[in-house]
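Enquirer: Those sequence lines, one after another, are chains A and B. With the working numbering, letter number 229 in the first sequence gets 261, and the count goes up by one each step, no holes. With the working numbering, letter number 79 in the second sequence gets 108, and the count goes up by one each step, no holes.
Just so you know, the hints here were simulated from the structure itself, not pulled from any lab data. Do not rely on the hints blindly, as some may be mistaken.
As the list claims (entries may be wrong) - Derived DEER-like restraints, expressed as beta-carbon distance ranges:
#, chain 1, residue 1, chain 2, residue 2, range
1, B, Y223, A, W168, 37 to 47 Å
2, B, V202, A, W168, 38 to 48 Å
3, B, Y196, A, V215, 47 to 57 Å
4, A, W168, B, Y120, 25 to 35 Å
5, B, L36, A, V139, 27 to 37 Å
6, B, P65, A, P454, 44 to 54 Å
7, A, M321, B, P65, 51 to 61 Å
8, B, N108, A, S478, 50 to 60 Å
As the list claims (entries may be wrong) - Taking beta-carbon pairs under 8 Å as the criterion, some of the chain B residues facing chain A (in silico):
#, residue
9, M30
10, A48
11, L52
12, I60
13, G87
14, C88
15, S93
16, G102
17, A103
18, V114
19, Y118
20, R130
21, P166
22, W169
Just so we're clear, the structure is a prediction, and the values are computed from it rather than from any experiment. We treat Cβ as the ideally placed atom computed from N, Cα and C, and that holds for glycine.
So you can see what is in the structure, the chains are spelled out below.
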Amino acid sequence: MSVRPELTSRIEADDSSVGPVLFFFATGVAWLLIGSVFGLIVAFKFSFPEWLGDTPALTFGRLRPAHLNTVIYGWASLALCGVFAWLAVRLCRTTLRWKGLLYVSAVFWNLGVLYGTIELLRGNSAGQEWLEYPTWSWIMITVAAVLFSLSIIKTFRERDVDHIYISLWYMMAAVIWFPLLWVLAHLPIYSGVTQAASNWWYAHNALTVWFTPAGLAAAYYFIPKVIGRPIHSYYLSLIGFWTFALFYNWNGIHHLVGGPLPTWLISVSVVASVLMFIPVIAVAINHHMTMVGHFGKLKSSPTLRFIVFGAISYTAVSMQGSIEAIRAQSEITHFTHYTIGHAHLGLYAFVTMIMFGSIYYIMPRIVKWEWPYPRLIKIHFWLVALGVILYFAAMTIGGVFQGLYMNDAAKPFIDSVEVTRPYLMARSIGGSMMLLGQIVFIYLFSLMLFRKGAFRAMPPWGSKIAEASHPDAPGAEVAS
Amino acid sequence: MYMKVPLFIMGVLATLLIAWAGLTLVPGIQISEIEPPAGLKPYTDQQLRGRAIYIREGCIYCHSQQTRPVGFGADQKRNWGRPSVPGDYLYDNPQLLGTMRTGPDLFNIGARQPSEDWHLIHLYNPRATSPGSIMPPYPWLFREEIEYSDEVLAARGERVVPVPEEYLPPGKVIIATPEARDLAAYLIGLNHTYPLEGEE
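Please build the complete structure, drawing on both the sequences and the hints.
Expert: See the structure below:
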């Protein structure tokens, strides 16, 4: 059997991304662990407010931003950079360019997150949500984001393909958008309520321009790839892309609904939020129609299981967001734990699950070693999937009660605290399951890094021929 | 899919920049024409120090500072103060509007709760004033002493906090450091109940 020439070059191209991708993944996974431990402590503090209450660095109000920032800028951003770098090679059909910049970028991301975390725990927060990191931290992350984008753009310019697959649209948009958004949000030109507008425009747009495009790019790539058939409709994916770009950028101010801002401003954001139904339904139909008849593959492919869970969560979280923005609902759920549930449906059930799925696919191809212990992968999946469902359900129901009690002036305020207690406890249990699942994942991931663990029969990534014979392979041409 | 790269880049830049201009620059211009309300005073130095502690300890993750109008929640019925307006925030940087109400809105806490003693006890241990509270304690804003002299405390800007017996460490008194008093001063200063023009 002779090796097809395009396969040789694919493997060469794949190999060019190994170093940076591993660097991004390994450090991202470490931040996931740290950030989740912060998150779990924060969650338990709602039930035990005195616990660790004597240590300033471990007070609720410092750990909470430390949690948020490590999971979004440490874990999610680094993981998606790894996925982007690997996808760039696959979709542009060329080797990774300006690779050195990627290493420098990864170092700067990590330094920015490390320094930022230490400073947050020391109490040096910039005060704006999602933008709490102190000056040096955001400067380091700016450098990191710009260098990353440059390398990806350079690779894109050297592409060896005519047709640009939809994943690449999202990815290229993200690498142009994010550094720009990050810098615009940090301009020292806002104060008072305008600053609140820019704060929430940023916080929501971080999803618009960075995390969601990454999740969608990966879902669009891996679903057709794993099941080995093309995406249902190219046109639908383009409609989805442009309506997404048009409407999603305007959503953020719905976080200030009912607040002291010009009414037109909030209305614009609410309308844009509702219009998000269009791109979301376009994506949902497209993914679902691609999957139809292949749901059986969910059993055999861990990648697919995580990615499909993520894709369904994307539809759910977006529709929930559109409805949440509407005044009748936000009157009740705004200011409550409901929002926190929504945020985790987005950043965990959607983005994080897709990142897990992507890592399960990519790792064997770059370390040339098959995942050991398939049973542990299953345990990882079920722990985090059930954990995040419990988390979401508890916060959603608890949040609705909290809002209803708060809006009933006949009840003392403390009743709105009391009523949430069992739900907050349930959330902590859900969170513990998520952390436990991640520990399993991190164990597997470390085995992969050092090519340890049970040797799986037919490690398909050891030889060039094997890739072609692996069941995942035929989709390769389909997806690019 | 076929992509016209320059068009793509323009589209991507335009969708972001137009939204940015629309959602932050335009309201910024609209709001820059507002005069501060006559009753709004700039923060004192002490209040600003307290405000920095409010940011440092992350009070914003549980408390909002924005009051909503009738028909939007029970803010008015709970007597949390008239609906806030953009002018109320003209001296706020960074802004602290907040989006969580695990605890009550604090935009007018100074009007509701003007007692420094109350705030100090509450910050030392929220459960001492508010049974069932899940607010964290802030013991590092306080000191424990066995003996003290009023003159020394006064010279340092400190004072004894009348913490109820059962919350005191045995044989000790609790002293509020200048930080605790700055934070209390900030909270007591949070009072935006002054009338707005044309509303008297």
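Enquirer: Now tell me, hint by hint, if it's right for this structure.
Expert: Consistency of the hints with the structure:
The beta-carbon spacing between B:Y223 and A:W168, approximately 40 Å, falls within the hinted interval of 37 to 47 Å. The supplied range of 38 to 48 Å is met by B:V202 and A:W168, whose beta-carbon atoms lie about 41 Å from each other. Between B:Y196 and A:V215 the CB atoms are about 48 Å apart, so this pair conforms to the stated range of 47 to 57 Å. Hint check: A:W168 to B:Y120, Cβ distance near 27 Å, so the stated range 25 to 35 Å holds.
Judged by the Cβ atoms, the range 27 to 37 Å given for B:L36 and A:V139 holds: they are separated by roughly 35 Å. Between B:P65 and A:P454 the beta carbon distance is about 45 Å. The supplied range of 44 to 54 Å therefore holds. Separated by about 57 Å at the C-beta atoms, A:M321 and B:P65 satisfy the suggested range of 51 to 61 Å. The given range of 50 to 60 Å is respected by B:N108 and A:S478, whose C-beta atoms sit roughly 56 Å from each other.
With 8 Å as the threshold, the beta carbon of B:M30 comes within range of chain A, its nearest partner Cβ sitting at about 5 Å, so the hint holds. For the restraint placing B:A48 at the interface with chain A, the shortest Cβ-Cβ distance is roughly 4 Å, inside the 8 Å limit, so the hint holds. Interface restraint check: B:L52 against chain A, minimum CB-CB distance 5 Å, threshold 8 Å, status holds. Hint status for B:I60: holds, given a least beta-carbon distance of 6 Å to chain A, under 8 Å.
A cut of 8 Å between beta carbons decides the hint on B:G87: the least distance to chain A is about 2 Å, and the hint holds. Satisfaction of the interface hint for B:C88 is found here, the shortest Cβ-Cβ separation to chain A being roughly 6 Å, below the 8 Å cut-off. For B:S93, the interface hint holds, the least distance from its beta-carbon to any beta-carbon of chain A being 6 Å, beneath 8 Å. Because the closest C-beta pair between B:G102 and chain A is about 5 Å apart, less than 8 Å, the hint holds.
Residue-level restraint check for B:A103 holds (minimum Cβ-Cβ distance to chain A is 4 Å; threshold 8 Å). For B:V114, the suggested interface contact is upheld, since its CB lies about 5 Å from the closest CB of chain A, less than 8 Å. For the restraint placing B:Y118 at the interface with chain A, the shortest Cβ-Cβ distance is roughly 4 Å, inside the 8 Å limit, so the hint holds. With a cut of 8 Å, the hint placing B:R130 at the interface with chain A holds, because the nearest CB-to-CB distance is about 4 Å.
Satisfaction of the interface hint for B:P166 is found here, the shortest Cβ-Cβ separation to chain A being roughly 5 Å, below the 8 Å cut-off. Here the hint on B:W169 is kept, as its CB sits about 5 Å from the closest CB of chain A, short of 8 Å.
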